[in-house]
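S.K.: Modelling step: build the complete structure from the supplied sequences, incorporating the hints.
Protein chains: 2
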Amino acid sequence: MPTIKDIATRLNLSVSTVSKGLSGASDVSDKTRQLIINTAMEMGYVPKQGREGANPVKICVFIENMGYERIEQFGYDIIVGFKLEAAAKKWDVSIVPLAMNQESQYNYDDYMVTHHYAAGFLLGFTLHNDFIAQMQKTNIPTVLLDNVVYNKNVACVGIDNQQGIFYVVEHLARLGHRNIAMLNGETISRVSHERLNGFRLGMEKCGLNVREELVAHGDYMTDCADKFVSYFIREGATAIVCASDLLAHGVLRELYRMGLRVPDDVSVAGFDDLPLASYTTPSLTTIRQNRMAIGKSVCMVMDQMMHGTHINRLLLMPELVVRESTGKPKI
Amino acid sequence: MPTIKDIATRLNLSVSTVSKGLSGASDVSDKTRQLIINTAMEMGYVPKQGREGANPVKICVFIENMGYERIEQFGYDIIVGFKLEAAAKKWDVSIVPLAMNQESQYNYDDYMVTHHYAAGFLLGFTLHNDFIAQMQKTNIPTVLLDNVVYNKNVACVGIDNQQGIFYVVEHLARLGHRNIAMLNGETISRVSHERLNGFRLGMEKCGLNVREELVAHGDYMTDCADKFVSYFIREGATAIVCASDLLAHGVLRELYRMGLRVPDDVSVAGFDDLPLASYTTPSLTTIRQNRMAIGKSVCMVMDQMMHGTHINRLLLMPELVVRESTGKPKI
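Chains as they are written, first to last, in our numbering: chain W, -1 to 329; chain C, -1 to 329.
One should not assume that every hint holds.
Because identical chains share one entry, a pair is satisfied inside a single copy or across any pair of copies.
Unchecked claim - Restricting the straight-line Cα-Cα distance to at most 20 Å, the calculated cross-link-like pairs of lysine to any residue (SDA-like) are:
{"hint": "1", "residue 1": "18", "residue 2": "85"}
{"hint": "2", "residue 1": "328", "residue 2": "257"}
{"hint": "3", "residue 1": "203", "residue 2": "131"}
{"hint": "4", "residue 1": "18", "residue 2": "86"}
Keep in mind that the hints were calculated from the coordinates and are not lab data.
Note that this is a predicted model, so its numbers are computed, not measured.
M.R.: So this is what it looks like as structure tokens:
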């Protein structure tokens, strides 16, 4: 099978010129590039996938503020999906858990270069500002879960949060709900903004008004449902859209405490499809994030980034999973 | 190296259960899935990349309303990038050019199944409505250039158009421009919406007002600059942001006809970085779409889709290329 070197020899060009011509770089003239491409096609050139040689590519995964060690935790399947794909590429993967705020002690690029890491994957519900600031100028190919940074070396992978909540609202509107409340996560999180956008778009698309008193921000990590649920109910909400399954779980418990039945009195929907969503009573209607697919996609995007393709964002499709916690509103 | 069958034998489970457990499917219990994953990791399981066997995967590429046969045309590098990656995967690729409106004669899924195509790639500036309608319910893994459809079997690949125009506006604002006009493409195109959003966001971010009389829609395929340029100039525009290099080329010619100098009297920017952008006088400041990278990314996304990962959208990073056509405004 012909190599870049063979093409270079045939054309009497340097290996780097041929390589640039094949990668679409702008500093090779069109005429030369055309010649390189035609010759490559004619010789049956096939790009080499991945690097070969004695030293495997070293990858570092940083995790902050997210469980990943047990199957019921959000990060578990993401890491498994990533590791499986990385194994196929023969990458050497290190997992580095970060304690809250510990990143401020790191200079990310120094750390990566010193430890011979070729690329990084960062995941956590709320990444520390200092680390995100460093992402804006890093030279290391890096993939973030759900966080978007406009640096050609940084890509974002996650599901389409907006569309996910959109599906939930559409589902509830079809059941006949009009007064739909949303219990969102922290305002500082990008994911919360996208989910709130999805809520507003969904309501608009279904011809429903967003009542601002029925929109509240809790947080993803702790139970805060008791603060909002009774207020929502007093304001006439017949359905509560939650930005996570954990929030929804808190809402179910609070409704139970108040003596209200789900979905007969109030419908409740979650987000994530964590294992717990099947085990609540009633089981939760939710939006499935295929976390194994997220992990695999991170690996694929990282591979492309290491080969010079500047990916900004990869969005996976959310999937509505209808279980028992949503039904028609009382007449 | 252990296979899925080896894992199934060890655990006394069916091959399909193991396969589902490893793909993150929701209909395997957590306990079983944990067992499958632990066993796979312990046995050193590595996923098989791509399919093997006698019959290569057949892929169909449909092109409408876009040149791709010569290097100076927009589609050329996309197809080359796609073909190079497809060659590495040993895919058998057919290119099917579609005459305008011809798609209404096709039932897409029937066509694909009858011809044994495993996946499709559709590109064109304005895809026919009937084809887009079919995309909303296709069961064939399909990738569209720049067009977003919410079907789990359809993914969109393209550059971040909004961010691209944002970079142009930021560049012009930094040079000191305040009265910036935008000559956009057809209103019916999704790409035009995104580019106009980028224009508005960029102006807002830079503290500038969008003057609606300085925003116009032309089209991507024909020369329409003469209709808008003299009006923009009369209204006091010192810079014209164009939604494509072809539009910018028309603007340059019209300004020349009017006796105005670029960038001394008016700055002009394009979009795409087609080969022509280096050859205009003056050469064009523009946004580079790395079309080879787009083609490669389509291939990568398609591969994931055929393996059951539902990708909604992959966005590549745009790149500002500053050449001669932009400069400081006259004082």
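S.K.: Confirm or reject each hint.
M.R.: Comparing the hints with the structure gives:
{"no.": "1", "hint": "18 x 85", "verdict": "between (29 Å within a copy, 18 Å between copies)"}
{"no.": "2", "hint": "328 x 257", "verdict": "within (16 Å within a copy, 72 Å between copies)"}
{"no.": "3", "hint": "203 x 131", "verdict": "between (36 Å within a copy, 19 Å between copies)"}
{"no.": "4", "hint": "18 x 86", "verdict": "between (27 Å within a copy, 18 Å between copies)"}
Every hint, counting from the list given before, is met by this structure.
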